[in-house]
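Student: Protein sequences appear in the order of chains A and B. Following the numbering used here, the numbering of the first sequence begins with -3 at its first residue and continues without gaps. Following the numbering used here, the numbering of the second sequence begins with 76 at its first residue and continues without gaps.
Careful: at least some of the hints might be erroneous.
What the hints assert, rightly or not - Using 30 Å as the maximum straight-line C-alpha spacing, the simulated DSSO-like pairs for lysine-lysine come out as follows:
| id | chain 1 | residue 1 | chain 2 | residue 2 |
| --- | --- | --- | --- | --- |
| 1 | B | LYS145 | B | LYS86 |
| 2 | A | LYS50 | A | LYS64 |
| 3 | A | LYS64 | B | LYS86 |
| 4 | B | LYS86 | A | LYS104 |
Hints are computed from structural coordinates only; laboratory data are not their basis. Source: prediction; values computed, not measured.
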Amino acid sequence: DQQVKQNSPSLSVQEGRISILNCDYTNSMFDYFLWYKKYPAEGPTFLISISSIKDKNEDGRFTVFLNKSAKHLSLHIVPSQPGDSAVYFCAARIGAGSYQLTFGKGTKLSVIP
Amino acid sequence: DAGITQSPRHKVTETGTPVTLRCHQTENHRYMYWYRQDPGHGLRLIHYSYGVKDTDKGEVSDGYSVSRSKTEDFLLTLESATSSQTSVYFCATEGLAGAGEQFFGPGTRLTVL
C-alpha cells in the first residue's frame, strides 16, 4: 500500500510560469514532509520541508503548502526556470527521531524555454 | 552538503555472486541509510544505521546485509546477487534523526545479469 502518492508522473510548464507539483498521503501519523529534486545520474538533493504544525513554508521561488485535512501537499515553483527540469520526490516521516523517510514515486518536471 | 561518496559508481555482475557497495561520509553524521531506486517505485529504504555497529532493517531488506564498523563507512552487501536486485542504490546521511533532511550520495548503478 503506497502511503505517499504522486499521481502525476510528468508535468510540462513554460518558462516563467508557475509549476505546481502535488503529493497525497494516507498515513495520518506523518508529521514532517520534504521535497527533493533529482537530476539524472545524481543523488536527490533536499529542496524544502514543512512541519505539520504549519500550512506553508517558503524559500525563494519555492513554496510548499500543506493541507492536513485533505492529506495533501503541493510544491509551487514561481517563476519556473529551465534549470528546474528534474524529477521531484515528495517524502514524509513520522515524528521527531524517526529514521524512515517514505517517498513518492516522483514527478518529472520539464520547463520549456 | 554532506560529503558523501559511493563506490563503485557502476557495477555489472552475474547472478549468484556477492557484491559489496561502499558509502563514505566526511560529515561525522550519526545516521546513515541505504535506499534503492527503481522505476515506478521511487526510493525505498533497505537498511539504516543509527551508530557504529547499530543497524536495522528497512522496507526492502531481504537479500541485503549491512555493516558499519566506523562512523564514516556504511557497507551494503548482496550475499548472492539476483536479477531483481538490479537497481540504482543511494546512500544517505543525517546528522540528527528526524531533525531535517537526509543528504544523498551520487548513487551506484548495479546490473545483475
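Student: Are there hints from earlier that the structure breaks, and if so, what are their numbers?
Tutor: 3
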